[in-house]
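Undergrad: As you go down the protein sequences, you meet chains A and B in turn. Per the working numbering, the very first residue in the first sequence carries number 14; after that it's consecutive. Per the working numbering, the very first residue in the second sequence carries number 128; after that it's consecutive.
Treat the hints with caution; some may be incorrect.
Claimed, not checked - Here chain B is said to cover these stretches of chain A; the calculated rule only asks that three of the stretch's residues, wherever they fall, bring their Cβ under 8 Å from a Cβ of chain B: (1) 66–73; (2) 94–100; (3) 115–126.
Please keep in mind that the hints were generated in silico from the structure rather than gathered at the bench. Note that the Cβ used here is the ideal one computed from N, Cα and C, for glycine as well.
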Amino acid sequence: ETGVTQSPTHLIKTRGQQVTLRCSSQSGHNTVSWYQQALGQGPQFIFQYYREEENGRGNFPPRFSGLQFPNYSSELNVNALELDDSALYLCASSLERGGYKETQYFGPGTRLLVL
Amino acid sequence: SQQGEEDPQALSIQEGENATMNCSYKTSINNLQWYRQNSGRGLVHLILIRSNEREKHSGRLRVTLDTSKKSSSLLITASRAADTASYFCARGAQKLVFGQGTRLTINP
């Protein structure tokens, strides 16, 4: 167990809808990253939040957005869902100190199905 | 696009045998990490090897790194049924770049 939790575990939505996924970081961690993993593929970096600010973004459109809260928990929001958004969404927390980024620890993921 | 490549894509061996998975990458690295994923769930961090290290051990795991060839390998010795999983290498610090993974099946 990494101490990183995600909710919900599974979700079914239809095209055009909006979805919010949640992540609770491991205690003491100040950085949260989100990844999308399509079936049979490796995870792809969506974005990272550090101290409530976006701190790097992958090749994902603006309809993917996020938030980090003062307790370092985080949300991933996806608007105007498309069929290709069906995937496992993984959250990872880590500690950044003095510019050094330590190992990322992953939660169990949220499986999203868009119909 | 994913910039790491694991080889083979799938590997099936008998329990007790050793399993070797390889990872190649294209750009220079500060470190490389290996993760395990069971049944499409969360990733478990296995080991991190820094660019100035050539080999690292953790229990039944042995990781090697050859920066001149831009490649790494993960060896699992004396495999067990519980080792059945997908294994990924990842490079990067802020943004982890994963390969497509090796799907390992351990047959009893």
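Undergrad: Would you mind marking each hint as holding or not holding in the structure?
TA: Evaluation of the provided hints:
1. 66–73: Result for this restraint: holds, n = 3.
2. 94–100: Per the Cβ count (0), the hint is violated.
3. 115–126: Per the Cβ count (8), the hint holds.
Hint compliance for this structure: hint 2 alone is broken.
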